[in-house]
Amino acid sequence: MNVILSIAKTTIGEAIRRRVLLIILLIGVLFLVIAPGLSVLSARSSYTVLVSFTLGVIQLTSAVIAIVLTVYLLPNEVERRTIYTILSKPVYRWQFLLGKYLGAVGALGLMMALMTGILVLVFKIMQAEAGMDVVMTLARAPMMYFVQMSLLAAVAMFFSTFASPIVNFFLTGGVYLVGTLFSPVFQDIAGNNSVNAMVKTAATVIHTLVPNFAQFNVQNTIINSGSQLRSEQMYYLQLVAYAFAYVAVFLIGGMMIFDRKEV
Amino acid sequence: MNLAIETKKLTKTYKTSSGMQSVVKDLDLEVEKGEIFGFLGPNGAGKTTTIKILLGIIDGTSGEANVLGRPAGDIESHKRLSYLPEKPYYYEHMTGLEITQFYASLFGIKDKDLCVNLLNRVNLGNDYNRPISQYSKGMQQRVGLAQSLLNDPELLFLDEPTGGLDPIAHIEIRDLILKFRDEGRTVFISSHELSDVERICDRVAIINKGEMVHQGRLDDLLSGGRIEVTADGVAENLVDKFKGDDMTLSLRAGRLIADLPDTMSPNEMIDAIRTGGGSVVSVIPRRKRLEDLFLESVSGDNLAKGRVTGKMTDDDKKADVKEEEVSS
Ligand SMILES: Nc1ncnc2c1ncn2[C@@H]1O[C@H](COP(=O)(O)OP(=O)(O)OP(=O)(O)O)[C@@H](O)[C@H]1O
Ligand SMILES: [Mg+2]
Numbered sequence: 001m002n003v004i005l006s007i008a009k010t011t012i013g014e015a016i017r018r019r020v021l022l023i024i025l026l027i028g029v030l031f032l033v034i035a036p037g038l039s040v041l042s043a044r045s046s047y048t049v050l051v052s053f054t055l056g057v058i059q060l061t062s063a064v065i066a067i068v069l070t071v072y073l074l075p076n077e078v079e080r081r082t083i084y085t086i087l088s089k090p091v092y093r094w095q096f097l098l099g100k101y102l103g104a105v106g107a108l109g110l111m112m113a114l115m116t117g118i119l120v121l122v123f124k125i126m127q128a129e130a131g132m133d134v135v136m137t138l139a140r141a142p143m144m145y146f147v148q149m150s151l152l153a154a155v156a157m158f159f160s161t162f163a164s165p166i167v168n169f170f171l172t173g174g175v176y177l178v179g180t181l182f183s184p185v186f187q188d189i190a191g192n193n194s195v196n197a198m199v200k201t202a203a204t205v206i207h208t209l210v211p212n213f214a215q216f217n218v219q220n221t222i223i224n225s226g227s228q229l230r231s232e233q234m235y236y237l238q239l240v241a242y243a244f245a246y247v248a249v250f251l252i253g254g255m256m257i258f259d260r261k262e263v
Numbered sequence: 264m265n266l267a268i269e270t271k272k273l274t275k276t277y278k279t280s281s282g283m284q285s286v287v288k289d290l291d292l293e294v295e296k297g298e299i300f301g302f303l304g305p306n307g308a309g310k311t312t313t314i315k316i317l318l319g320i321i322d323g324t325s326g327e328a329n330v331l332g333r334p335a336g337d338i339e340s341h342k343r344l345s346y347l348p349e350k351p352y353y354y355e356h357m358t359g360l361e362i363t364q365f366y367a368s369l370f371g372i373k374d375k376d377l378c379v380n381l382l383n384r385v386n387l388g389n390d391y392n393r394p395i396s397q398y399s400k401g402m403q404q405r406v407g408l409a410q411s412l413l414n415d416p417e418l419l420f421l422d423e424p425t426g427g428l429d430p431i432a433h434i435e436i437r438d439l440i441l442k443f444r445d446e447g448r449t450v451f452i453s454s455h456e457l458s459d460v461e462r463i464c465d466r467v468a469i470i471n472k473g474e475m476v477h478q479g480r481l482d483d484l485l486s487g488g489r490i491e492v493t494a495d496g497v498a499e500n501l502v503d504k505f506k507g508d509d510m511t512l513s514l515r516a517g518r519l520i521a522d523l524p525d526t527m528s529p530n531e532m533i534d535a536i537r538t539g540g541g542s543v544v545s546v547i548p549r550r551k552r553l554e555d556l557f558l559e560s561v562s563g564d565n566l567a568k569g570r571v572t573g574k575m576t577d578d579d580k581k582a583d584v585k586e587e588e589v590s591s
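Chains U and X supply the protein sequences, listed in that same order.
Quick note, the first sequence lines up with residues 1 to 263 if you use the numbering used here.
Quick note, the second sequence lines up with residues 264 to 591 if you use the numbering used here.
Among the clues, some could well be false.
Once the Cα atoms are required to be at most 25 Å apart in a straight line, the calculated DMTMM-like pairs of lysine to aspartate or glutamate come out as [unchecked claim]:
| # | chain 1 | residue 1 | chain 2 | residue 2 |
| --- | --- | --- | --- | --- |
| 1 | X | K373 | U | E14 |
| 2 | X | K350 | U | D133 |
| 3 | U | K261 | X | E339 |
| 4 | X | K296 | X | D483 |
| 5 | X | K551 | X | D482 |
Just so you know, these hints were derived from the structure itself, not from any lab.
Work the whole structure out from these sequences, hints included.
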């Protein structure tokens with residue numbers, strides 16, 4: 001455990017200094033800060049627009065950071081030969097991979113926490129009367145995004161055990177897009193008895209292989225805070241369990257490939 | 264069994280665009296415990312590849328490799344060995360001390376004092392709180408050596424430990440490696456610094472294109488040295504008298520420099536010089552140099568011929584003859 005945490009810690013330290021990630025983060029933060037100005041242009045209730053816009057910014061920024069951060073983790077280690085020194089110590093490869101992954105998740109968590117903090121601050125300034133409950137509601141969506149991004153990082157980690165960073169970028173990005181945009185569609189087809197059996201099977205396979213990223217978008221419950229889900233806690237817990245299961249599958253798959261890989 | 268490293272018919276084959284390429288071929292290495300073993304070969308000979316196999320970073324295609332009595336790559340044996348990679352790189356945001364502590368943590372070592380002591384030992388006592396990004400090449404190499412001592416290893420793999428270092432750093436690291444042996448460690452060095460290797464190694468292996476050319480004690484491999492006799496006031500006729508196949512003589516302004524095999528006694532020549540009124544300036548036995556053996560081992564490839572054996576080519580001899588003519 002010690003070994004894994006050490007590797008994770010070092011990975012975080014390095015990731016939060018990566019210039020490209022900081023630039024992406026800065027752009028995200030910039031959008032969050034100017035968001036109140038933009039929402040004035042909208043006719044709809046400015047609160048609703050502001051919430052969905054800023055949450056969208058956080059989600060998109062986090063997704064880009066998650067992918068860019070993770071696709072380079074293993075290739076950089078090999079290229080700079082740091083991995084050789086580490087693997088010549090009593091460190092199993094799975095420990096190395098897990099440490100790297102946890103480091104990525106840690107760095108991602110820090111960056112997302114920063115954005116969430118700024119988001120809360122922006123709303124505080126905008127609506128001085130906003131109470132603790134509004135803040136909590138606002139912080140909840142990024143928490144689910146964090147779960148989503150941890151899953152995305154696991155996908156990127158898996159691909160990085162055999163694909164080059166550029167290929168991986170598109171693979172992971174593709175999985176994210178499919179999982180976000182089409183998952184509800186596939187889910188629908190898979191559950192529909194009136195469609196052709198083959199189509200149904202195909203939809204089921206895709207729906208099973210590609211994680212459903214869309215379900216982590218809990219924005220709607222925030223925007224329409226009146227229509228509270230009855231068992232909200234339960235729903236979140238299920239999502240976390242879902243993500244955890246997929247993370248485990250991707251990581252174990254990655255470990256199996258990485259174990260045989262020539263580095 | 265007293266072998267720290269043993270390989271049997273170790274082979275590593277890569278698929279390349281031009282077909283299968285054996286980078287390491289039927290290598291039989293034997294490294295004894297407690298010795299400094301030099302692993303030599305030209306660029307691309309397969310040294311780093313072999314070391315990577317011995318560490319389990321990559322797998323051999325066929326053959327056997329045992330390290331510290333266990334199959335290569337065994338995690339248990341990794342507790343007892345260490346590795347300094349070729350041109351190492353460290354996470355640049357960390358300080359020398361932090362990186363050493365990081366590597367220590369991989370062994371489950373939390374002892375900060377140990378890290379500080381090791382950094383002092385490699386003369387980084389004043390710099391270990393600076394970030395690695397500010398380190399010179401030599402300082403980075405020292406961090407590498409410090410981390411390689413963390414687990415008090417029985418066996419050290421050093422891949423070009425003095426590569427790119429200035430002569431002072433060179434000597435320091437060389438002395439450090441000699442101390443490792445005094446402490447009972449086995450040291451496996453891959454290096455292009457033949458003079459260093461010659462000075463510190465007990466045994467060497469020379470490989471070329473993945474194949475073993477020589478392996479053995481340096482003293483044995485370098486037998487067949489030469490003796491150099493220098494004398495002043497030597498007469499011309501002496502050169503004619505001693506001229507022979509395995510001997511080079513050069514005479515200029517009465518100064519003779521003769522280079523003879525050490526199987527031949529220099530007495531006869533010395534007597535002749537003195538009888539002829541000359542005076543002997545020096546008689547110096549010269550061991551065959553590792554460089555000679557190395558060049559011999561990898562000859563036939565891409566090396567200019569005359570350099571290969573250390574013997575003289577016709578052109579060289581002509582040049583010497585000219586010298587004689589000028590002097591007469
Ligand atoms: N992954 C690989 N695929 C194909 N060929 C490889 C691979 N890795 C190394 N080689 C080839 O193996 C040969 C030996 O390389 P290696 O790094 O072991 O040489 P070396 O003896 O350490 O050389 P140097 O003195 O330059 O460090 C080289 O010709 C290299 O191109
Ligand atoms: Mg090498």
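Pair hint outcome, K261 (chain U) versus E339 (chain X) [Cα-Cα no greater than 25 Å]: holds, 21 Å
Next pair to validate is K373 (chain X) with E14 (chain U); report whether the Cα-Cα distance is within 25 Å. holds, 21 Å
Against the 25 Å threshold, does the CA-CA distance of K350 (chain X) and D133 (chain U) hold or violate the hint? violated, 56 Å
Satisfaction of hint between D483 (chain X) and K296 (chain X), Cα-Cα up to 25 Å: holds, 19 Å
Regarding the pair K551 (chain X) and D482 (chain X), is the alpha-carbon distance no greater than 25 Å? This hinted pair holds, its Cα atoms lying about 10 Å apart.
Hint compliance for this structure: hint 2 is the single one not met.
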